[in-house]
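Please work from the sequences and hints to get the whole structure.
Chains L and V, in that order, give the protein sequences.
FYI, in my numbering the residues of the first sequence are 1 to 212.
FYI, in my numbering the residues of the second sequence are 1001 to 1273.
Derived from the structure by calculation, the hints contain no laboratory data.
Some hints here could point you the wrong way.
[Unchecked claim] From chain L, some residues computed to sit far from chain V (all C-beta separations above 12 angstroms):
{"id": "1", "residue": "3"}
{"id": "2", "residue": "15"}
{"id": "3", "residue": "73"}
{"id": "4", "residue": "82"}
{"id": "5", "residue": "161"}
{"id": "6", "residue": "173"}
[Claimed, not checked] Ranges between beta-carbon positions, derived for each pair:
{"id": "7", "chain 1": "V", "residue 1": "1131", "chain 2": "L", "residue 2": "34", "range": "32 to 40 angstroms"}
{"id": "8", "chain 1": "V", "residue 1": "1044", "chain 2": "L", "residue 2": "208", "range": "34 to 42 angstroms"}
{"id": "9", "chain 1": "L", "residue 1": "44", "chain 2": "V", "residue 2": "1036", "range": "18 to 26 angstroms"}
{"id": "10", "chain 1": "V", "residue 1": "1270", "chain 2": "L", "residue 2": "100", "range": "50 to 58 angstroms"}
[To be verified] One-sided excerpt, in silico: chain L residues whose CB lies under 8 angstroms from chain V:
{"id": "11", "residue": "106"}
{"id": "12", "residue": "109"}
{"id": "13", "residue": "123"}
{"id": "14", "residue": "125"}
{"id": "15", "residue": "178"}
{"id": "16", "residue": "182"}
{"id": "17", "residue": "188"}
{"id": "18", "residue": "192"}
{"id": "19", "residue": "195"}
{"id": "20", "residue": "196"}
{"id": "21", "residue": "211"}
Just so we're clear, the structure is a prediction, and the values are computed from it rather than from any experiment.
Even for Gly, the Cβ is constructed at its ideal location relative to N, Cα and C.
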Amino acid sequence: MPYPTDPLILSGAWASVILTLMVYSYVLYKENLAYRFTEHTYISTSLAIAVVVASQTLTSNAFLPLSKGDISYVIPIILGLLLFTLPFRQVRWISRYPLAFVVGVGTGLAMRGAVHAQMVAQVLTAITLPKAPQPVDWFNFFFALIAFLTSTSYFIFTREHTGFMAIPTKIGRYMIMLALGSYFGNTILFRMAMLSGRVEEILKVFGIIPWR
Amino acid sequence: MSKSIWSKITDVDRRVLYWVMFIALAIPFISPLGMPVPVTEMTKAVYDKVESLGPKNIALFSIAGGVSAWPEIAPSMVAVMRHLVKKEVKIVVWGFFTDQDITVDMITSNVPELKTKYKYGEDWVYMGYLAGGETAVAALASDVHSVFKADKYGTPVEKLPLIQRVKSAKDIDLVLTVDTGSYILYYVRHWNVGKGTPVAEIGIAMQADMVVYYPANLVGLMIGVRGGAEYEKLIGRLGDGTVRMDAINISHLLFIIAIALANVGYVATRRKK
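And the structure:
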């Protein structure tokens, strides 16, 4: 794709590169005016988009059916409006009711599938023998099983981690550290991907690599 | 007293490291190295599932990731969408991030068949943004029409033939959840466990371990840029994911070297003390 000539695309591209450099000025030169400006621009732009999208959603998903005579939508609209009492000290207590409703529904829904997906299925997987296993599959199976049992034993707090509990809980602690290390490694991987995206954009806008 | 080489290594200015990282990331974009990207079982499983679908099937493309995560997830989104279009699968799109309209624009510009080959409303439909998190995902699993009254552009659901066919999770043949957070859990709990709908994940690197936790519930998992690069290889159309993988590989190599040197330096200087 050739380098764009449309002023709108070009101004957007250059703005994105300049803002990127201003943000990364933080890692090189700590808190500064350029970083602050970009941070505030980002937050305000995101908020503006969120407000517009939220109002569009309310219109299509609540006000539209209400205007067609479905009065049941009055209840969630009122509950939603009650949340806006939060900033006012005198009537703040009212906001607790819609909040309690949201938290209650959320917790109930989460519990419904969580027991099967996050407990039963995982236990079943840990104790299911590999199908048509190669030696490495057996290794993986026993490693996962030991990791599962020992890291679970680490969270038994009704018995002191001494005597026959000492070794499994210690292994469990190492297993948890391995898992956390893996998470951290993946986080680095993600950040690098984000950085590579910005590097690519900078090279593209400066004309060092072709525009794609 | 002059500093030893090891204490100098442990005391490198972080600005130097950042500049080295920037340059190392830039080189593969200027001169691609073409490092190999083996296809993992998890990505192959997503590909096989999409490959098994056809014009009679409906896939849900759920966007739960923002524009800021494009460098990580855009290659996967585009590659999977290209595959779905190639297989002429009907596509329902909705999402939970306020900036998702920009993501949908990016996808349609990269997959122009959505505008030319596909007929909007019959072959694909974009329902827009929905607030509510897990509550919304659960409500959609039970009754799509009670949640969405119109599509993104204000067309009532009664006038959208495709969404008329989608009343609940049971009418969807595959959920592809593009996810930078917890939405995969919501889909597993309410669409897979609740309704038996197959769920696949297009996620960021931090979600790589997810498949270990949900082997019985996930069809497959595409992890970050690498997942995108693998999928591009599988559909035979290389793109941004493949190009970016070189830079990612180089950055990781640099990280490993930096961590190793810093640790060796730390041990060496500690012994001296």
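A quick look at each hint next to the structure:
no., hint, verdict
1, 3, "holds, 16 angstroms"
2, 15, "holds, 14 angstroms"
3, 73, "violated, 10 angstroms"
4, 82, "holds, 16 angstroms"
5, 161, "holds, 25 angstroms"
6, 173, "holds, 18 angstroms"
7, V:1131 / L:34: 32 to 40 angstroms, "holds, 34 angstroms"
8, V:1044 / L:208: 34 to 42 angstroms, "holds, 35 angstroms"
9, L:44 / V:1036: 18 to 26 angstroms, "violated, 44 angstroms"
10, V:1270 / L:100: 50 to 58 angstroms, "holds, 54 angstroms"
11, 106, "holds, 6 angstroms"
12, 109, "holds, 5 angstroms"
13, 123, "violated, 11 angstroms"
14, 125, "holds, 5 angstroms"
15, 178, "violated, 11 angstroms"
16, 182, "holds, 6 angstroms"
17, 188, "holds, 6 angstroms"
18, 192, "holds, 4 angstroms"
19, 195, "holds, 6 angstroms"
20, 196, "holds, 4 angstroms"
21, 211, "violated, 12 angstroms"
In this structure, the hints that do not hold are numbers 3, 9, 13, 15, 21, in rising order.
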